[in-house]
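Novice: Got chain V; can you put chain H on it based on the hints?
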Amino acid sequence: MIESCENLLLVQAEFDGELDAAQSAALVAHRAQCLVCQKATQALQRLRTEIRCDAPHHRLPADLRARLLRGRPVSRAAWRGGALSFVVGAALAASVMLFVLPTVQPPGLADAVLAGHLRSLQPGHLEDVVSTDQHSVKPWFDGRLDFAPPVKDLAAEGFLLEGGRLDYMNERPVAALVYGRALHKINLFVWPSAEPDRATEDLARNGYNLVHWQAGGMTFWAVSDLEKDELDSFARQWRQES
Amino acid sequence: MAERDAERDFKTAILPHLDAAYNLARWLMRNPEDAEDVMQDAVVRALTYFAGFRGANPRGWFLQIVRNAAYASMKVNQGLRLVQLASGTDDEPGFGTLGIELADTGDDPESALLKSRSQQNIERLLAALPPELREAIVLRELEELSYKEISQITETPIGTVMSRLWRARRLLAETARREDMQ
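As they're listed, the protein sequences go chains V and H.
Quick note: the first sequence uses this note's numbering, first residue 2, plus one each step.
Quick note: the second sequence uses this note's numbering, first residue 14, plus one each step.
Next comes chain V alone, as it looks inside the complex:
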């Protein structure tokens, strides 16, 4: 079957209303002479009719809309804390809380850390510099950040340094170090902070585990789908390694 024509993508673009008047006129003139393009146009129209008539346009169920807006905890996703009004308040209050309660992390931050972790798992987003060598990861950050993040090699402890990346968190650019353990990834977010040193604090969000600590003028957030014990061990090794 030799039923092809180099203008088929133009036929489609005309059909989708994406051509300007001149392009459209040229295409119409061509189509008058081209059986392939005529048949394609008919087929596109038939398919559109069928999809728009028969494929459901799913409407947001009223109860889910209410839950999203009122923020009543929901059975299946209760742990998400998806309460809109609560989260709005928490996110907006975060900056205020920094002053009122200087030793407590704003609640929005753990969500931002988790979002950063999930974002990094999108294809091609994990690392900007791919290296298992701390001596090439660390210099990569030079000139990209206004601070020098500590980079440690924990291969001996079973956490393989895979690379690094820039991210944006807490209203500033931050360093993200990526470690692997078996098939699991750990993102360690690091940025400078004037807060005093603090021991590790464990959090859980959406089935992910987070560990937060503060040391040497830096804030650290580790996040992973690893078991809590393993992530704790990662944090412990990191803090011991000198």
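You may find that some hints are simply not true.
[Stated by the list, open to error] Here are the simulated DSBU-like pairs of lysine-lysine, each with C-alpha atoms no more than 35 angstroms apart in a straight line: (1) Lys-40/V with Lys-161/H; (2) Lys-229/V with Lys-186/V; (3) Lys-88/H with Lys-153/V; (4) Lys-161/H with Lys-186/V; (5) Lys-139/V with Lys-88/H; (6) Lys-88/H with Lys-229/V; (7) Lys-153/V with Lys-161/H.
Bear in mind the hints are in silico, worked out from the structure with no lab data behind them.
Predicted model, so just to flag it, every value in this text is computed and none were measured.
Specialist: Relative to chain V, chain H alone:
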């Protein structure tokens, strides 16, 4: 005070697009439970980033967040192996002939039956497309978005959007015709 304003701004920007967002989540996840989780996740993410949103297109912005949440969820549920229609690559505008035979529907019971069968068919065929083709078709045909908006939401060049739409339509048309002939 400022808090109230920000909450109101957020709702003004996002509320009109919740249906479109849910439709996309529902088609990507292919079941109401996962679509609900994705919506919860997307609203939390949107809230987190709303303060930094300066664009003129809140629908595109929110749909992009929903899409990312859906892909993150699919990635987490990697155990799920999906049955997909075979598809070519993004650079291939290549082409068998598009052709789809629609039942000629009148008002008699038999054509009503045929129609419900065709409804199931197109839904099933759409659901069987690979996600990057499925989302292109859903955004174009059901949400009636422009190539440019689809390109923004899917973070994909417009040329790729065009070839994905073409591949999706070719697959749908060919598969539907093959099933009709059986």
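Novice: Measure nothing beyond the straight line between the CA atoms of Lys-88/H and Lys-229/V; if it is 35 angstroms or shorter, mark the hint as holding.
Specialist: 21 angstroms, holds
Novice: Can you confirm whether the C-alpha distance between Lys-153/V and Lys-161/H stays at or below 35 angstroms?
Specialist: 43 angstroms, violated
Novice: Keeping to a limit of 35 angstroms between CA atoms, is the pair of Lys-139/V and Lys-88/H held or broken?
Specialist: Since the Cα atoms of Lys-139/V and Lys-88/H sit roughly 29 angstroms apart, the hinted pair holds (cutoff 35 angstroms).
Novice: CA of Lys-161/H to CA of Lys-186/V, is that 35 angstroms or under?
Specialist: Given that 35 angstroms is the threshold and the Cα spacing comes to 34 angstroms, the pair holds.
Novice: Does Lys-153/V lie within 35 angstroms of Lys-88/H when you go C-alpha to C-alpha?
Specialist: It holds: about 28 angstroms lies between the C-alpha atoms, which stays within 35 angstroms.
Novice: CA of Lys-40/V to CA of Lys-161/H, is that 35 angstroms or under?
Specialist: Measuring from Cα to Cα gives roughly 26 angstroms; hence the hint holds.
Novice: Holds or violated: are the alpha carbons of Lys-229/V and Lys-186/V at most 35 angstroms from each other?
Specialist: OK: Lys-229/V and Lys-186/V at ~13 angstroms, within 35 angstroms.
When each numbered hint is compared with the structure, a violation occurs for hint 7 only.
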